[in-house]
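Q: Residue numbers (our numbering), protein chains in the order written: chain A, 13 to 232; chain B, 13 to 232; chain C, 88 to 491; chain D, 88 to 491; chain E, 2 to 276.
Just so you know, these hints were derived from the structure itself, not from any lab.
Treat the hints with care, as some may be off.
DSS-like mimics (lysine-lysine), calculated; alpha carbons at most 30 angstroms apart, straight line [unchecked claim]: (1) C/K169 / D/K230; (2) D/K204 / C/K230; (3) D/K169 / D/K204; (4) D/K169 / D/K308; (5) D/K204 / D/K230; (6) C/K198 / A/K58; (7) A/K58 / B/K228; (8) A/K58 / D/K204; (9) C/K198 / A/K228.
Owing to the predicted nature of the structure, the values given are computational and were not obtained by experimental measurement.
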Amino acid sequence: MNRDWSTLGPILLESVRETLYMVSITIGVGGFLGLVFGVLLYATRKGNLLQNAVVFTVLNVAVNIVRPIPFIIFITAVGPLTLATIGTTIGNNAVIFAMSIMAAFVTARIVEQNLVATDPGVIEAARAMGASRLRIIVTVLIPEALAPLILGYTFLLIGIIDMSALAGYVGGGGLGNFAIVYGYQRFNWEVTFVTVLVIIAIVQLAQLLGNWFARKALHR
Amino acid sequence: MNRDWSTLGPILLESVRETLYMVSITIGVGGFLGLVFGVLLYATRKGNLLQNAVVFTVLNVAVNIVRPIPFIIFITAVGPLTLATIGTTIGNNAVIFAMSIMAAFVTARIVEQNLVATDPGVIEAARAMGASRLRIIVTVLIPEALAPLILGYTFLLIGIIDMSALAGYVGGGGLGNFAIVYGYQRFNWEVTFVTVLVIIAIVQLAQLLGNWFARKALHR
Amino acid sequence: MTSVISFRDATKVFGGGPDAVRAVDSVTLDIARGEIFGVIGYSGAGKSTLVRLINALETATSGQVIVDGQDVTTLREAELRKVRAGIGMIFQQFNLMNSRTVAGNVGYPLKVAGWSKQDRRRRVGELLEFVGLTDKARSYPAKLSGGQKQRVGIARALATSPSILLADEATSALDPDTTQDVLALLRRVNRELGVTIVVITHEMDVVRSIAHRVAVMEHGKVIEHGRAYDVFAAPRERATQRFVASTLQDRPSPDVLDRLRHRHPGRMITVTVREGDGYGTGDSRVDGVGGSGGSGVDVLAALRRHGVDGTIVFGGITEIDERPFGSLTVELTGDDAAIDALIADLRRATDVHDLGIGDAPSDRTTADVVGGSPPEASTGEGDEPDADPYGFAMDAIRRHGGPR
Amino acid sequence: MTSVISFRDATKVFGGGPDAVRAVDSVTLDIARGEIFGVIGYSGAGKSTLVRLINALETATSGQVIVDGQDVTTLREAELRKVRAGIGMIFQQFNLMNSRTVAGNVGYPLKVAGWSKQDRRRRVGELLEFVGLTDKARSYPAKLSGGQKQRVGIARALATSPSILLADEATSALDPDTTQDVLALLRRVNRELGVTIVVITHEMDVVRSIAHRVAVMEHGKVIEHGRAYDVFAAPRERATQRFVASTLQDRPSPDVLDRLRHRHPGRMITVTVREGDGYGTGDSRVDGVGGSGGSGVDVLAALRRHGVDGTIVFGGITEIDERPFGSLTVELTGDDAAIDALIADLRRATDVHDLGIGDAPSDRTTADVVGGSPPEASTGEGDEPDADPYGFAMDAIRRHGGPR
Amino acid sequence: GGDGDTAVASGESGDPIKIGVVGASEDYWKIFTDLAAEEGIDVELVNFTDYTQPNPALSQGQLDLNQFQHLQYLAAYNVANDDDLTPIGATAIYPLALYSKEHASLEDIPEGAEIAIPNDETNQARALLVLQDAGLLTLENGGDSTSLPSDIVAEESKVTVTPVAAEQTAVALNSVDASIINNDFVADAGLEPEDALYQDQADSPAARPYINVWVARSGEEDNETFQRLVELYHTAEVEEASSQASGGTAVFTDNPADELQGILDEIEGNLAAQG
Ligand SMILES: Nc1ncnc2c1ncn2[C@@H]1O[C@H](COP(=O)(O)OP(=O)(O)OP(=O)(O)O)[C@@H](O)[C@H]1O
Ligand SMILES: Nc1ncnc2c1ncn2[C@@H]1O[C@H](COP(=O)(O)OP(=O)(O)OP(=O)(O)O)[C@@H](O)[C@H]1O
Ligand SMILES: [Mg+2]
Ligand SMILES: [Mg+2]
């Protein structure tokens, strides 16, 4: 019953490709949206750059509504939207769609957290120079918080890889799904182990890069 | 076939209780361990308080090994340990055990991230006073980063609620499981919706508190 | 009216309830185009807050702040941007971007102002050369010394050649030589480009060498303002007097006086040297810049006239707003009657503070007595060798500046 | 040897490769127990780094730093803690904990030292009263003004009554009055408790009024050190001379000189006033503290003797390390030959710098000429009204202090 | 595994009998436990959302019984884990059927159509076999109970398959041409069994591996309480409720334990031979 690696090998390889595909699109789309939401969450807070109680409350509540929904329920819940946008509710692209939305909201919180500690003096300096608020956000706020943000995105990346393991629910693929379906569900610990090792290798690489960039960005 | 709320109500209530139980123990145990790991991750980095390449590398790799393992695989993987510690691999307590370990590693990264931006000058001031490193960590490092840490723990809390939805995999309960089993898997959208609402309400409350405390802790 | 910055009953309250702090309290003040305006006052008096009202980094709680004809308290952020683009600011705490190199920090306002990359590079090069940081161009702020950081802040504020410059303790971390260079530059841009400069400072050098007018703040209020020379030469308010005295340091403090008496047992007086204090009548020469009356020669002449021998033991004559000012403490030796006559003579022209003789000092302190006001008891800033040294109970720094 | 802090060939290099900065370069220096030791030098000279080697906040790259008999470069963190507990430090950038109130910040070292809650409360109360922040006890640092923050830093450093105090620009953000209070306190704890104090400063007041000895740093090296009075009165190194000149500000700068000439067209000289510069022989009186020779009276006496009329137009006599020091710029009127004779006479006793007459100045600047060294060309710190004012090309601040 | 030493006591001592199930929210379980209680048997249901856990839990003695799987799944488990869990009674066979929202009949399913199938091992293979029977695709070597989507011979197949979570097959109907939907979800998803385009035959011998069974640790086949529970399932009330839950498609069966063991042995033999 245990297929040998000659059968599984190509599927594993394909799964790596699928994971990289799903994760990179999700971190691109979700990460970007999350950056926007996170910056807004931070900046619309009382006393901050774009102080706006309405936007803040709406975003704050919206993020809290989306985030705690169990992901498999969430996938189904956004199904109609997925159908309208992607044209299908199953397969990798449908998963990417749902993951991107979820990732956006998760990222929002990570970004918000990492911006909270920014020195307000620096922002003031930029304001005093007549920089627009958008420019301040892009050229001061984010660069100043870059080191923790990079660690935050590394964290997010791993979260997305984790999330992508659920892709199998709706007909997606990827490493997590492969580990569950071909390894775990079949009690094939060898497959499980090898697949998890591959995931860990990818994550480890991402973390190495993340740490390196964060160190660079710290400028201390 | 859809049970009415007179049947489901008590189960829902019980699920709320279970979720609160699971989440609070997990955030207590996992959150505390994560704080320790996270502080170590931060402090053992090059140039920091407890600079120690070995400890840093071991922790950094360990966290990256545990975190990306899909949670259901992880639950099974730690099964022997769970059995030895809790005496069972099924039910809420087994889930709590696995969640706590996972939460510890997740928290480690969140904490690390939030400490990275601490002003080194303040730590220096405490060192100059002859404070021990442990004291500096507890009385300077953590308090200085408290605002983002609080937001980080709020974030974590929601992550744990999310994770607890998978309790059903190993025979546990809780709201997430209730939503999946009584709602989602049975295509009972009313139950799903109500349950998710309850989850959101809990999360919203936690976030409100988190925001409030973070604001207090910011002292700006 | 050519005032470029006007405060009209401007008030800034921080916080609320019983803890509210009136950092700026009903200030009405005009700063003319092209002048260098100094703001002095004790720590916590509200100087920084006042200046931050100008570019609306703080919004006034009430009142108006009119900059270039526009009330900045009513402007929306987008409109404020235009106003701010014409205002350079040097921050007390530097506020450098840790994520940018020195060159990046200095180039940032140029980027905001839309300069081309090439122009920026050239300009940043000039600015860095000016502040002596050419070789630190690619360093990050965390690796700079305190003074280097401040110089980056100065270069940044000057980058776009703003027409108004707000300098909040702009030279506090600099050595005197570099300070002189910076002040010389400020004076030059003021004189040649007509840049209006508002300087907050507690450094006498700064006020002395560049301020045309000064305002003195205490408890959020501007308690006195006017031409720098006038405020220093004839401070009206008690706080101003004390501030001026401790700023000028031209009068011996109690412990210095003790040592002086030790060396100079004779009768000592402190004579104020002030432009326009003509001693006698025919004696004062007047030239284009201002009368030279009251400078040392009159004392010397008076000594000669009264047959009294004098030793200058302390004091200084310096310039404020380019006019001479200071005081000399002189030990007098000679006939007692002649000395009394000399003092009476001098008093007709300027302020003379009689320190008496070593064995019978007529009062212990001069530091807080300026402009001939009657001697008062020491406010306790001297050494009290008998006091509990790490106990502080007896010589707390009086809270001069903090608003309630 | 009672030195409590000894640097032995101590070197600190930041970074590596071509960008390496030798912030402290082979410094060998002893600081005696119970003295107040000043460290001066241009921005970036390595002063802060030097002081941070003492409590091992930076570890020396090579060499030894011996504090209280222990080489701190070899101590482990746990042992360092004991050494550090006896050292208070006031930071240039304050380094306050934003998460603690003012009282919490000041009380923190007491907590570390294991004081009881009650003792802490009492002590914090005293300290805050001393620095005038009693009413800010429960405020957080973000709500304080610059000077208030610095005062918190001072209170915190003094809290445990350490036996060594490191003060890095401890009064740079303070008004002169508060500065005087702080200096008086430092002087007192030094005198009465024998606390060894190392002060980094660029403020003349600080060195003048409290330092017993000073070291002058440039490019990471201690280029000159000795008794404060000696270093100021007779600076040997070129950099020290320039530093002293711009610090004392008792000599007219070129633009001041221009204005002086305008008012005083006669021959002007600057005479150095220094303790121990006996003018003539019989004239100098010596008392217990030190000779009064060289103070103004000699000039006055000389004027009288040579029949020359004098006007004191600029200058100052102040105290350094409690001894008189300064210079007076005097306009001389009288017979040319008599004036020359007077100058020759004065030169035998002290340094005289001949400024010539208005129409034919013998040199343009005095600011960088101290101690009778020959006049040199202006280093460019004056106004050059014709230069491109925001262009800087011509008057860059020379990089005095930055190591390569 | 499978030794009974760590087994929890079986009912008499007051400890409840722990039964691992997937889908404890179904009404018939409530009726079942109520009935058991009337007979003095204290039953505790442990619900799992994932098929993978109840067998190890039973094997480790954390459960006394489980009831969620068919013989095919049990065999796969036993072989993979070298275990010897034993069927002690049968419940029913649930046919696996093909549904579509878009197409009214099998013939309407176009060339290149996408079919959603469950992604768990045994249901997946079974679904592939159903599709092969329906003439929609061809499996390499004729296929068997371990076939994978990768075994589909593309050139000879009319459709492609997309494996999804079992419950998602119903949801996926909006996105695909047709879905193989587990019986459990048919009724919940609001589908009518009679709308099925195609389903496998419960009474054919080919369906025998899909008999759902009660499973205990080896050696506990004869526990009387367990036997009684097996019987209770076949009482009219429970069967009726259970049938309702399956939309009336359940085909109840009560093969004796040894017959079930025989079928199991046969499947395990095949699996081991392939392994
Ligand atoms: N962490 C660091 N990394 C690299 N270079 C540094 C670092 N800290 C200081 N330097 C450099 O070392 C030199 C000496 O710095 P230091 O802070 O000791 O100067 P300083 O004499 O205290 O100057 P200031 O009066 O401006 O405070 C400077 O050129 C500075 O740029
Ligand atoms: N954000 C704030 N919240 C509350 N109080 C504040 C805030 N900023 C300043 N203050 C208070 O307002 C008063 C004036 O502060 P400001 O910074 O204007 O003083 P300053 O004159 O610049 O003093 P310094 O010379 O010490 O810098 C101080 O008592 C200060 O504590
Ligand atoms: Mg201020
Ligand atoms: Mg320094």
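Q: Which hint numbers does the structure go against, in order from smallest to largest?
A: Hints 2 and 8 not satisfied by this model.
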